[in-house]
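Asks: So the chains spell out like this:
There are 2 protein chains.
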Amino acid sequence: MAEAAARRRGRGGGGAARRAERSAVRIETAKYIERNIPNFEVLTEEALDIIEANAETVLEEIGVNFVDNPKALERWREAGADVDGERVRLPKGLARKLCATAPKEFTQHARNPEKSVVIGGRNLVLAPVYGPPFVRDAEGGRRYATMEDFSKFVKLGYMSKWLHHSGGTVCEPTDVPVNKRHLDMLHAHMTLSDKPFMGSVTDPSRARDSVEMCEVLFGKEFVQDNTVMTSLININSPMTFDDVMMGALEVYAASNQGCIISPFIVGGAMAPVSVAGTLTQVLAEVMAGIAYSQLIRHGAPVIFGAFVSSIDMNSGAPTFGTPEASMVTYGAGQLARRLGLPFRSAGSFCGSKLPDAQAAYETANSLNMGLLAGVNFMLHSCGWLEGGLVADFEKFVMDADQLGVLHGLAKGVPVDEESQAMDAIREVGPGGHYLGCAHTQANFKSAFWKSELLDYKPFETWEEEGGRDTRMLASERVEFLLANYQQPTLDPAIAEALLAYVADKKASMPDAFM
Amino acid sequence: MAEAAARRRGRGGGGAARRAERSAVRIETAKYIERNIPNFEVLTEEALDIIEANAETVLEEIGVNFVDNPKALERWREAGADVDGERVRLPKGLARKLCATAPKEFTQHARNPEKSVVIGGRNLVLAPVYGPPFVRDAEGGRRYATMEDFSKFVKLGYMSKWLHHSGGTVCEPTDVPVNKRHLDMLHAHMTLSDKPFMGSVTDPSRARDSVEMCEVLFGKEFVQDNTVMTSLININSPMTFDDVMMGALEVYAASNQGCIISPFIVGGAMAPVSVAGTLTQVLAEVMAGIAYSQLIRHGAPVIFGAFVSSIDMNSGAPTFGTPEASMVTYGAGQLARRLGLPFRSAGSFCGSKLPDAQAAYETANSLNMGLLAGVNFMLHSCGWLEGGLVADFEKFVMDADQLGVLHGLAKGVPVDEESQAMDAIREVGPGGHYLGCAHTQANFKSAFWKSELLDYKPFETWEEEGGRDTRMLASERVEFLLANYQQPTLDPAIAEALLAYVADKKASMPDAFM
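As they're listed, the protein sequences go chains A and B. The numbering of the first sequence is UniProt numbering, which starts it at 1 and goes up by one. The numbering of the second sequence is UniProt numbering, which starts it at 1 and goes up by one.
It is worth saying that the hints were derived from the structure and are not from the lab. Treat each hint with caution, since some may be false.
To be verified - With a straight-line Cα cutoff of 25 Å, these simulated SDA-like cross-link-like pairs (lysine to any residue) come out:
hint: 1; chain 1: A; residue 1: Lys411; chain 2: B; residue 2: Ala47
hint: 2; chain 1: B; residue 1: Lys457; chain 2: A; residue 2: Gln487
hint: 3; chain 1: A; residue 1: Lys31; chain 2: A; residue 2: Gly408
hint: 4; chain 1: B; residue 1: Lys161; chain 2: A; residue 2: Met313
hint: 5; chain 1: A; residue 1: Lys505; chain 2: A; residue 2: Thr191
hint: 6; chain 1: A; residue 1: Lys457; chain 2: B; residue 2: Lys92
hint: 7; chain 1: B; residue 1: Lys92; chain 2: A; residue 2: Glu418
hint: 8; chain 1: A; residue 1: Lys155; chain 2: A; residue 2: Gln487
hint: 9; chain 1: A; residue 1: Lys97; chain 2: A; residue 2: Asn236
hint: 10; chain 1: B; residue 1: Lys31; chain 2: B; residue 2: Pro488
hint: 11; chain 1: A; residue 1: Lys411; chain 2: B; residue 2: Pro488
As the list claims (entries may be wrong) - Part of the chain A face toward chain B, derived, beta carbon under 8 Å:
hint: 12; residue: Ile62
hint: 13; residue: Asn65
hint: 14; residue: Thr280
hint: 15; residue: Leu295
hint: 16; residue: Ile296
hint: 17; residue: Gly299
hint: 18; residue: Glu324
hint: 19; residue: Lys353
hint: 20; residue: Pro355
hint: 21; residue: Gln402
hint: 22; residue: His433
hint: 23; residue: Gly436
hint: 24; residue: Leu454
Where a beta carbon is used, it is the ideal one built from N, C-alpha and C, also for glycine.
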């Protein structure tokens, strides 16, 4: 689509027109959000004490399973856990003690140092959708994702002002063999963007490949001393840690790379139907996972994750943007802060099949909740559709635009003399208007968040221009952005070495599609 | 549309089919929201002190205008204000002292006592869109509103579970003369619904008619002792109180009826471009308006209102769901609570021309903000479109469904033994699932908010059924609800007396269309 648009422009307009259009696209990335507003806290201290005590009881009495992972069981035994088959029971206090060595916050370096992010504290880092096997756009409908789609999403993420992170599996490139696609995905993040990114977790060997590719990109020494990836380690809720995910965690923790340790919960199926019960299980699972990361390496950077949706009890479908998911997220944020750990949750979650009103209600509910819950790393912050089965091109730019609202909210309310605006109120007086007054002239450019997508035109103009809905406006924006994409520069020697690494790795093994 | 649908059904199906369909519609109204969650507060005590001091300075130094209202100026003079022409300057402390006699909360009675609402405290009462001259639906497009449209909205509001209030001018019935339409509007609220409603404010005589109609509906004695209307008194920001609105306020306050005293602000035009400056002006205006209501009658029930949008500085269009409007709303809530007054703000605000993703993002941003800002009375909580120019039928039911999310959020997080769900966690254990466990069986029906509109079906089913978007689903729901509407019973003598009142009033004056 991008190529077609570029050709059309090439044929139709002159160089001046092209330049004018190009100059309208400013590739600018906002700094990660530093909140100047409080967190919204729904649980009392007493409630938090009860949930923490219950989580300790769960770890001690019930325990968690580490599956197909004798080495992990050995590590647990040495640490003082009660190991019975694959079941690991942790005496009260053990998990919390181990979690205490994880850093409160950490820096994930980008190859462009201006785009490095600090994860934790009062910060919020925004990363795009992760994992969908399908893509959708208005023109092509719903279809299996390809590497070409993947590259387009990385380009759109690179061009988004409000997105701080390039993400990981923005969609599954199903046209590349399963055992090789991580190489192409990492290569795309490393070369088409200069924002920070995530590593592969689908096999420990692929996690090692991810580290090696980072050594090519950043230099081996730099990677030894610094965190250059943050990767997603899901827990099989309830309370099961499988060998693939733990294998990837072991690689990353050992090399001091960041990991999100994240229960993946559809409430009522993988956790109790109640908020307090879900929080208890989430806390027990995360503490066990993070404790394990610290057994691998004291001080390994980790994030307290909580992916939570509720369920439609009629159909069994996961539901998003619901009050119960919000309450779990608010509560999990409080628990993470009490543990002194960075927190990951929320995103552009929705169950809708189309980027329509349902999608937007659900997404806005979740994005707002994520900001106020004190989330530090928001995966899936744009582009998610259909319960995560689909990465949608239009919704990607629609959501990415809304992320600007979060940046605006996080600023809080300055009450310095200029903001008090008493001179303006005196100047204008009863019955006047502020449009031309000195205070407005001095401040209007930065006073209001400005959408780059939404329609504010008078009705008549809007109608004359075709009465476009948000999806159509977004479709045009996708095409415009891709047509105007310009690749960030990269040292040619590094670019060549990355290509060679990928080619060598691919040549070293047969294709696998399962 | 309702009639057509009913006819279709009458022709096509038998009585049994009709009954089955009808029995699926349960007319049920949730109690007004009683928050079990904290308010979200963005301003520090120091910032609030500054804004309050500045507002007092504004009232003393600059003052407010009471236009074409010599009686009001006389009242102000007697109360100790400095009156110069139409300008009223209030010595520091005067407005605050007068505001202190207004009640912290008040009950607005509905003719069905189960639907009476308590406005103030930790409560949130939800009322529909107010004021649009146009309506829109998917079938008929955008057009001038008529009395038939008005009646349909009242019916939809009556049938909405999550709407506590029937509202006022849900749309302007432009096919009825300006000087008579308040009679038809009130008659519709009184007879097609049994929820509480609002009175006319477009002329003091129409406010008197509203009180008289209430005397017919509720009985003269009941109205003398009780509040049966809450009406909307807008301030012409900056700092101008016109005679029409003040005339209506005088009527309502004198008869102990509720009024929202509400600045109507497009930031940057009617108030400074800064949040702190806007809050200062809002506070000064509301304090002056509420102080005036208490000059009319000590103890008259009033609400601290704040209608605030931001502005697109390119086009001058008002914008909605923006971070700046949210910050003003959060701050205004804090100021209202410090004054000890009920607070009105937020709503289904959006600038979009269609009930699409833009509309839903903007609306969800505003609804969520309203709940967390501690709003007590939310006018416009469903059906608003195109900056308030349009009342949209599909969006009315879409938004009304989302109001269920607010009800769910307000519940907070119970942490009693049943909610802790420790037995469920023990029963299921690592690797199991909760779908069939005893705790889930006992709690799943009430555990999750359930949409009556949104789509959660599997992709294949959804596609087979036509791949409908939210607007199409909503369009079907509007038709279904109107076809199944059943009028609440009313004493025939009262019904007849109301009709006679309206007929007599209409006969007493010539039609006016301006």
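Asks: So, for every hint listed, does it hold in this structure?
Replies: Results for each hint:
1. Lys411(A) to Ala47(B): Given that 25 Å is the threshold and the Cα spacing comes to 15 Å, the pair holds.
2. Lys457(B) to Gln487(A): violated, 40 Å
3. Lys31(A) to Gly408(A): With Cα atoms ~12 Å apart, Lys31(A) and Gly408(A) stay inside 25 Å; holds.
4. Lys161(B) to Met313(A): holds, 20 Å
5. Lys505(A) to Thr191(A): Satisfied, since the Cα-Cα distance of roughly 18 Å is no more than 25 Å.
6. Lys457(A) to Lys92(B): violated, 43 Å
7. Lys92(B) to Glu418(A): Roughly 23 Å separates the two Cα atoms, so the pair holds.
8. Lys155(A) to Gln487(A): holds, 8 Å
9. Lys97(A) to Asn236(A): holds, 23 Å
10. Lys31(B) to Pro488(B): holds, 18 Å
11. Lys411(A) to Pro488(B): violated, 49 Å
12. Ile62: This interface hint holds because 6 Å falls under the 8 Å limit.
13. Asn65: holds, 4 Å
14. Thr280: Since the shortest Cβ distance to chain B is 7 Å, the answer is holds.
15. Leu295: Constraint on Leu295(A) not satisfied, violated at 19 Å.
16. Ile296: Violated, because the Cβ-Cβ distance from Ile296(A) to chain B comes to roughly 21 Å (cut-off 8 Å).
17. Gly299: violated, 28 Å
18. Glu324: Constraint on Glu324(A) satisfied, holds at 5 Å.
19. Lys353: Holds, because the Cβ-Cβ distance from Lys353(A) to chain B comes to roughly 5 Å (cut-off 8 Å).
20. Pro355: Interface hint status for Pro355(A): holds (6 Å vs cutoff 8 Å).
21. Gln402: Holds, about 6 Å.
22. His433: holds, 6 Å
23. Gly436: Cβ of Gly436(A) sits 10 Å from chain B, so the hint is violated.
24. Leu454: holds, 5 Å
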